[in-house]
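Novice: Model the placement of chain B on the given structure of chain A, informed by the hints.
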Amino acid sequence: MTLAPLFDVPVSALRRALDEKEISSVELANLFLDRIDAFNPGLNAFITVDRERTLVEARAADRRIARNEAGPLTGIPLAHKDVFCTEGVLTTCASKMLSNFVSPYDAHVVSLLKRAGAVSLGKTNMDEFAMGSSSETSYYGPVNNPWKIGHVPGGSSGGSAAAVAARLAPIATGTDTGGSVRQPAAFCGITGIKPTYGLISRYGMVAYASSLDQGGAFGASAGDCALLLSAMAGFDMRDSTSLDRPVEDYAAEIGTPASDPARPLAGLTIGVPREFFSVGLGDETHASIEDALAQYRALGASVRDVSLPNTRFAIPAFYVIAMAEASSNLSRFDGVRYGYRATKYADLVDMYCKSRSEGFGAEVQRRILTGTFVLSHGYYDAYYLQAQKLRRLIAEDFRRAFSECDLVAGPAAPMTAWALGAMGDDPVQMYLADIYTTPVNLAGLPGLSHPCGFDAAGLPIGLQLIGNYFSEARLLTAAHRFQQVTNWHLHRPAPIARANA
Amino acid sequence: MSRSDWEIVIGLEIHAQLNTSAKIFSGASAAFGAQPNVQASAVDIALPGVLPVLNRGVVERAIRFGLALGSHIAPKSVFARKNYFYPDLPKGYQISQFEFPVVQGGIITVQVGEGESAYEKPIRLTRAHLEEDAGKSIHEDFRGMSGIDLNRAGTPLLEIVSEPDMRSSAEAVAYARAMHALVRWIDICDGNMQEGSFRCDANVSVRKKGVEALGTRREIKNLNSFRFLQQAIDFEAGWQIETLEDGSWFEQATVLFDPTTGQTRMMRSKEDAHDYRYFPDPDLLPLVIEPGWVERVRASMPELPTAMKARFEQELCLSAQDASALTTSKETADYFQAAVAAAGTVHAKLCANWVMGELAACLNRAGLEIATAPVSPTQLAGLLLRIADGSISNAIARKVFEALWSGEGADADEIIEREGLKQVTDNSAIEAMVEEVIAANPKSVEEFRAGKEKALNALVGQVMKASRGKANPTQVNDLMRCKLN
Chain A
1 MTLAPLFDVP
11 VSALRRALDE
21 KEISSVELAN
31 LFLDRIDAFN
41 PGLNAFITVD
51 RERTLVEARA
61 ADRRIARNEA
71 GPLTGIPLAH
81 KDVFCTEGVL
91 TTCASKMLSN
101 FVSPYDAHVV
111 SLLKRAGAVS
121 LGKTNMDEFA
131 MGSSSETSYY
141 GPVNNPWKIG
151 HVPGGSSGGS
161 AAAVAARLAP
171 IATGTDTGGS
181 VRQPAAFCGI
191 TGIKPTYGLI
201 SRYGMVAYAS
211 SLDQGGAFGA
221 SAGDCALLLS
231 AMAGFDMRDS
241 TSLDRPVEDY
251 AAEIGTPASD
261 PARPLAGLTI
271 GVPREFFSVG
281 LGDETHASIE
291 DALAQYRALG
301 ASVRDVSLPN
311 TRFAIPAFYV
321 IAMAEASSNL
331 SRFDGVRYGY
341 RATKYADLVD
351 MYCKSRSEGF
361 GAEVQRRILT
371 GTFVLSHGYY
381 DAYYLQAQKL
391 RRLIAEDFRR
401 AFSECDLVAG
411 PAAPMTAWAL
421 GAMGDDPVQM
431 YLADIYTTPV
441 NLAGLPGLSH
451 PCGFDAAGLP
461 IGLQLIGNYF
471 SEARLLTAAH
481 RFQQVTNWHL
491 HRPAPIARAN
501 A
Chain B
1 MSRSDWEIVI
11 GLEIHAQLNT
21 SAKIFSGASA
31 AFGAQPNVQA
41 SAVDIALPGV
51 LPVLNRGVVE
61 RAIRFGLALG
71 SHIAPKSVFA
81 RKNYFYPDLP
91 KGYQISQFEF
101 PVVQGGIITV
111 QVGEGESAYE
121 KPIRLTRAHL
131 EEDAGKSIHE
141 DFRGMSGIDL
151 NRAGTPLLEI
161 VSEPDMRSSA
171 EAVAYARAMH
181 ALVRWIDICD
191 GNMQEGSFRC
201 DANVSVRKKG
211 VEALGTRREI
221 KNLNSFRFLQ
231 QAIDFEAGWQ
241 IETLEDGSWF
251 EQATVLFDPT
261 TGQTRMMRSK
271 EDAHDYRYFP
281 DPDLLPLVIE
291 PGWVERVRAS
301 MPELPTAMKA
311 RFEQELCLSA
321 QDASALTTSK
331 ETADYFQAAV
341 AAAGTVHAKL
351 CANWVMGELA
361 ACLNRAGLEI
371 ATAPVSPTQL
381 AGLLLRIADG
391 SISNAIARKV
401 FEALWSGEGA
411 DADEIIEREG
421 LKQVTDNSAI
431 EAMVEEVIAA
441 NPKSVEEFRA
451 GKEKALNALV
461 GQVMKASRGK
471 ANPTQVNDLM
481 RCKLN
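These protein sequences, in sequence, are chains A and B.
Counting from 1, position 403 in the first sequence corresponds to residue 403 in this note's numbering; the numbering is continuous, with no gaps.
Counting from 1, position 416 in the second sequence corresponds to residue 416 in this note's numbering; the numbering is continuous, with no gaps.
Just so you know, these hints were derived from the structure itself, not from any lab.
List time: in silico DSS-like cross-link candidates among lysine-lysine, alpha-carbon distance up to 30 Å:
(1) B:Lys-221 to B:Lys-208
(2) B:Lys-136 to B:Lys-221
(3) B:Lys-483 to B:Lys-452
(4) B:Lys-270 to A:Lys-354
(5) A:Lys-389 to B:Lys-76
(6) B:Lys-209 to B:Lys-270
(7) B:Lys-121 to B:Lys-349
(8) B:Lys-136 to A:Lys-344
(9) A:Lys-354 to B:Lys-136
(10) B:Lys-454 to B:Lys-483
(11) B:Lys-209 to B:Lys-221
(12) A:Lys-96 to B:Lys-82
(13) A:Lys-389 to B:Lys-82
(14) B:Lys-82 to A:Lys-354
(15) B:Lys-136 to A:Lys-96
To spell it out: a stretch of chain B is covered by chain A in this simulated footprint if at least three of its residues, at any positions, have a beta carbon under 8 Å from a beta carbon of chain A; those stretches are:
(16) 50 to 59
(17) 80 to 94
(18) 283 to 289
We put the CB at the ideal spot given by N, CA and C, even for glycine.
Chain A with its partners taken away, still in its complex shape (with noise of 0.2 Å):
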């Protein structure tokens, strides 16, 4: 039996190297940094990689650790995504607007990890301002599928998963607004959780729909999220719609032993959406997503259907909720007191049209116009109002859900990553791929997607589970149960992740 690469272990045994001074965090970040630096020119999973800056907090670790204070994420390397605020660090959302913006301030997100001692390896590329479902919006360019070059990571957290699927950092943070972490974590195979709405800070985040924005942890394994997630979480009074409840240790619940061994899951009921398997969903999606769920009986779990009745309006509730909120949360970018500035206009309209023009994307534009005419005069019954209603029903068919069930389970997409471009110029067709995860965060909702298989072009599969508001301990162990017994979360995309720097 060969020994897996440092660059490919759980973060439990990075845990263990570091305190048992197997390797020193400033080694295992020039590791990661080494991979990045040859791995990432064909990814672009990285927009900022600043190696003396991660260097010093790596070194500041290694003291922690040495003074024999470390917690469980000190010296662990980690990247962010680009949409959360980085104290003297580029932090631009992937869109021209904010190329020139170094955040005076860290996110809640980012302080908190920084106190815990992880050292973080920069800021990953992304849809722009995370409006996407591909990665491919960015202003610094698309990034690619480790499993295949040319194909989209899925987004738009895409950088993250990319980064920690070919093993460019172990786990990554990420946001999720209608499925930017579980879907980039299904296309990349590895495992991603958003948790309940308000678990983790929203301060630093820049927001796309707030209503709906919800940070959210990367890893290869539930295991490494279970780390991740502890971390990100806790009440903060800078968020109004952050939650004061105390943070659970997500690692140490999951790792409670079971009482059945051989049935681990046994007293779990799953419930399946068959509104989840109709029109639209890929047969080879639908089969591995079967034996996953087949998988998930032998563990014990009991598996039944339930009806998400409701399911077809997520889409365009999604949407109009999202861009109401984007066309407002995006007007503080008028190119006045920071960002990207128009270098020629007439007045001050003119100034604000040019810079807002040239600054933002086609996808960002088309999504401010589009909010910016649903909450108008006249139509905001018709649309935002109406919205409103549909989120409300969505809310109430998974709350009759799980009075029938502990767990929803489902695909997390109804495909596998596309190629490139595929999606050419109908951003509606991109839009219907978030069918199955926008009514989780309509709802407000824990989610949690984890690899369950390939297609027969060896790109991965992702099952999703979905609970209840705080449920995230479940989920996370009933993914980790799956993970014992499995080997989907263990694949690795060939050469990249396999390669040595």
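Specialist: Just chain B now, kept in the frame of chain A:
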């Protein structure tokens, strides 16, 4: 047709800056007058990723206001975003309340005019809602450019919206003054109009008398003095009437008042009005006010002017006019009550006379506010007690008051003692002076005895002069009459 055939209809929107030390959604200081942008936090300048957090002190002030006007305090109200672009509006939207304001309804009864023609008028409130102020654009100091000062961005405002219940500029001014007094009375706003802490927008329309439908209104923006409010409404109403009388018309618009010309001019028409695209702010939870919170605020409320006025009439036997005058401002009422407390309630009328008389006149001459009056309520009470017990006359009291005003003594007794101003009430001493005067003025004595009543006054005056004003005038009068008869 003439002007008297028309009825003027006015509704006011008042922006009162709430006197919290921090801003409404950030911890930055809301104090006035700092160097540009030093009081603008990350939230105030709307950096990417920042979020608003509601300052509960602001809500408490809104509750105080609602309680003072008998309004409905909404158990749940909602902050909304009002979207528009302007360089001094950092987020590109203002957080305000739209569909669900925190204060709903209410009424205030105001005194319009003075003297014989004075009347009381109840004015209904539509609503009062919380919102943040914008920053300031400074166009003067930079050639070809504008400066932006974001210190004011995020300062808390209560926008107080009245029903269109006012029918003259006098009523509008009376309402605005009453609101101005009230917000200071309940200590939610400093009322400083020069610094913009209290400013009015007036919605003005006219209609033929007897017509029920409201005419087309024009809104006069940003009036920051009561005088401008009156001038602007008078000009605007006159202009509207003239325009309509000429057979012409005008459209709904927003106008500005130019104090130098005394005229209003068009700012933007209805067509140019923004579509603000209001929607609930997803960064803020609905504002929930539990009944217990309202009750705690109610318990901390000061006695309100109307209640205090009634009490002054009943308990202190003051006239309605006196009671009204003494409750026009919290400071005046505080001063008066402190003076009464020191002098005793039996002397309330005397206190009232002096507070509204000598004290008010001196303050006016010196351009001082009553809260900083050089003569304290206790000092005034000490002085009034000496009038009441006959130690000094009113005339002497005014001299003592002047001495107190210029700090020539700690209290009235000290000054009276030092200056020897105590009224002479010793009968023998006065008798001696009377006899002296009678001896020295045989002509006047003769005249009096011949039936000329007036001659007596001259003789009494001589005694008073001899006593340097200190002799008790009643005693002098009695003794003189007695000696001459």
